[in-house]
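Novice: Chains as they are written, first to last, in the numbering used here: chain A, 4 to 271; chain B, 7 to 256.
Honestly, the hints are just simulated from the structure, not real lab data.
Even for Gly, the Cβ is constructed at its ideal location relative to N, Cα and C.
The reader is advised that the hints may include incorrect statements.
What the hints assert, rightly or not - Derived CB-CB ranges, DEER-like: (1) R202(B) / T262(A): 40 to 50 Å; (2) S213(A) / V17(B): 31 to 41 Å; (3) Y183(A) / P57(B): 54 to 64 Å; (4) V26(A) / A32(B): 57 to 67 Å; (5) H196(B) / Y183(A): 29 to 39 Å.
Unchecked claim - Residues of chain A clear of chain B, computed beta-carbon distances all greater than 10 Å: (6) A194; (7) R200; (8) D250.
Said to hold, decoys possible - Partial selection, computed: residues in chain A whose CB lies under 8 Å from chain B: (9) G219; (10) G233; (11) I234; (12) R236; (13) A238.
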Amino acid sequence: MTVESTDKQQMFRISRRSMPMAVVRLVDHGASAVIHVEAGAEAVVAGILSDSSVEVILEEGAKLELVRVVEAGPGGSCASRLVVTQAKDSVLRSFYVTHGGRMVSDDLSVTMAGEGAEAFINGLHDLSGSERADSHTHVDHAAPSTTSNQLYKSIVRDQACSGFLGRILVRRDAQLTRAYQLSKNMIVGAAGRVEARPQLEIFADDVKCSHGAAIGQIDEEQIFYLQARGIARAAAVDLLVRGFLQDVLGQIRHDGLRTEVGQRLGLL
Amino acid sequence: MLKIKDLYASVNGNQILKGLNLEVNAGEVHAVMGPNGSGKSTFSKVIAGHPQYSIDSGCVELEINGQMTDIKGMTPDERAREGFFLAFQYPVEIPGVPTSEFLRAAYNAVGRHHGIEALDPIDFDAFIRTRMKVLQMDNKYIDRAVNVDFSGGEKKRNEILQMAVLNPRMAILDETDSGLDVDSMKIVAHGVNSLRTRHNAMVVITHYQRLLDYIKPDIVHILYNGRIIKTGGPGLALEVENKGYDWLIK
Ligand SMILES: Nc1ncnc2c1ncn2[C@@H]1O[C@H](COP(=O)(O)OP(=O)(O)OP(=O)(O)O)[C@@H](O)[C@H]1O
Ligand SMILES: [Mg+2]
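Start from the sequences, fold in the hints, and give me the full structure.
Specialist: Structure follows, in structure tokens:
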């Protein structure tokens with residue numbers, strides 16, 4: 004791997020000769036990064052970021068797992084951007100977490116330019132107080148036989164608000180595309196808000212697409228069951244929240260990073 | 007151990023329990039039988055403190071630290087930590103929460119209240135395996151989410167596993183036998199019997215004599231329309247098995 008850094012930009016070039024699977028750390032200086040994974044190479048990149056702009060280029064057969072934790076700090080606000088271009092048979096695993104900030108937004112745009120490209124795009128909002136977080140995803144299926152899977156989950160406590168806007172575009176030539184998108188939200192308490200909007204634009208005819216949004220409350224029968232076993236209400240809520248987030252957290256394939264994120268969220 | 011006096015209780019504005027009286031002493035096993043819809047599960051949920059069920063009048067006392075104590079104002083978890091246990095007729099599924107984690111959280115919550123040191127995952131694992139052995143449960147269950155993808159009978163067995171983990175002083179078993187095959191029922195009954203001591207007590211709600219062949223009750227009650235309409239010895243259950251409830255209701 005070669006790294007070139009200036010004050011304003013970090014450049015990572017990952018080749019097949021690079022150390023396999025060592026986690027590359029992005030440094031947050033409110034700046035931008037370019038991650039270029041060469042043909043056939045694999046990389047795991049993680050960063051705790053505030054304002055950031057990351058560009059990813061995946062060459063043919065390249066694989067990248069990218070975990071971004073956004074921390075705006077209490078009362079803070081920030082915006083991050085991720086732009087990905089995927090060549091043939093490349094695989095992207097993107098995981099985005101935000102837990103806090105008055106106004107936090109994330110824009111993610113993936114162009115699946117090569118046949119057989121695959122993307123797993125996941126996100127998690129853990130919000131309380133009067134925090135607000137918005138995730139926008141835009142997945143452009145520009146080549147045939149490309150697959151995208153999106154799972155976004157949110158925990159919304161107090162008066163917090165979680166927004167998810169997911170756009171999927173399937174171009175005319177992108178036959179045999181599969182595109183799945185799911186937004187699941189759990190409101191803890193009465194005052195939380197969720198805005199989930201899927202947008203599908205499909206111009207090819209032989210495709211499989213699905214999208215869905217679910218907004219639920221803490222299940223009081225589950226709480227009662229846990230309480231009936233001696234677990235206090237607050238701890239019972241924590242257990243249910245952890246249970247709710249367990250599958251999305253499981254989308255992080257790198258064990259160390261999954262544990263790290265879980266701990267950061269107080270889930271482990 | 008448990009004393010219920012003139013209990014009237016409602017759910018969603020419908021009064022279901024209408025003057026229920028029951029007294030259970032340490033060392034005793036009581037059986038409660040009664041037609042569908044007579045209020046048996048309602049009774050068990052009221053005692054457990056389910057928030058949807060409200061007590062209109064009467065009193066419910068549980069022995070706590072040697073004192074009969076009104077538990078009306080106590081939350082379900084406080085009751086459980088004081089040694090009350092309900093084995094649910096319909097155990098609740100909790101997706102995403104591993105059974106092992108749930109059991110450990112419960113064990114530590116109750117234990118901590120009584121000054122018992124919390125167990126870490128490794129020590130708890132050793133402990134839980136001994137309990138599962140008694141109930142002849144496969145280890146794979148504790149890695150699964152609570153009651154998710156458990157068969158009906160497995161869920162019931164899981165209830166008794168929880169009872170074995172928490173070792174309550176006062177337990178109500180709500181139709182633990184329904185859904186269990188003949189062999190499973192023997193195993194579960196054996197598990198329940200192994201937990202019996204002179205210092206604890208239980209109420210076994212059932213429709214069938216078969217369970218009572220294994221868990222022998224001292225006293226049998228018939229609950230009908232929200233009240234105990236008859237109390238007798240073990241013979242009463244046999245009589246119900248043969249004759250049904252008609253002769254009691256008239
Ligand atoms: N949440 C509820 N809302 C409204 N009515 C309820 C509710 N729960 C129970 N009931 C009613 O209360 C009555 C008693 O129900 P309960 O479940 O206590 O009966 P049961 O004796 O346990 O019956 P079974 O033998 O079928 O288990 C029934 O008529 C039932 O419809
Ligand atoms: Mg019932």
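Novice: If a hint holds in the structure, say so; if it doesn't, say that too.
Specialist: Comparing the hints with the structure gives:
Roughly 43 Å separates the CB atoms of R202(B) and T262(A), a value that falls within the hinted 40 to 50 Å. The hinted window of 31 to 41 Å between S213(A) and V17(B) holds, with their beta carbons roughly 39 Å apart. Taken as a hint, the range 54 to 64 Å is violated for the pair Y183(A) and P57(B), whose Cβ atoms sit roughly 38 Å apart. Between V26(A) and A32(B) the CB atoms are about 59 Å apart, so this pair conforms to the stated range of 57 to 67 Å.
In this structure, H196(B) and Y183(A) break the distance hint of 29 to 39 Å, their C-beta atoms being roughly 48 Å apart. Annotated as non-interface, A194(A) keeps its C-beta farther than 10 Å from every C-beta of chain B; the closest such distance is 20 Å. The beta carbon of R200(A) sits about 25 Å from the closest Cβ of chain B, which is more than 10 Å, so the claim that it is off the interface holds. With a closest Cβ-Cβ approach of about 7 Å to chain B, D250(A) is found to fall inside the 10 Å limit, against its non-interface label.
The restraint placing G219(A) at the interface with chain B is violated, with a minimum CB-CB distance near 11 Å, outside the 8 Å limit. A least Cβ separation of about 4 Å between G233(A) and chain B falls short of the 8 Å threshold, and the interface hint therefore holds. Because the beta carbon of I234(A) sits about 5 Å from the nearest beta carbon in chain B, less than 8 Å, this interface hint is met. Annotation: interface hint on R236(A) holds; nearest CB of chain B at approximately 7 Å, less than 8 Å.
At about 7 Å, the closest approach between the beta carbon of A238(A) and any beta carbon in chain B falls short of 8 Å, and the interface hint on this residue holds.
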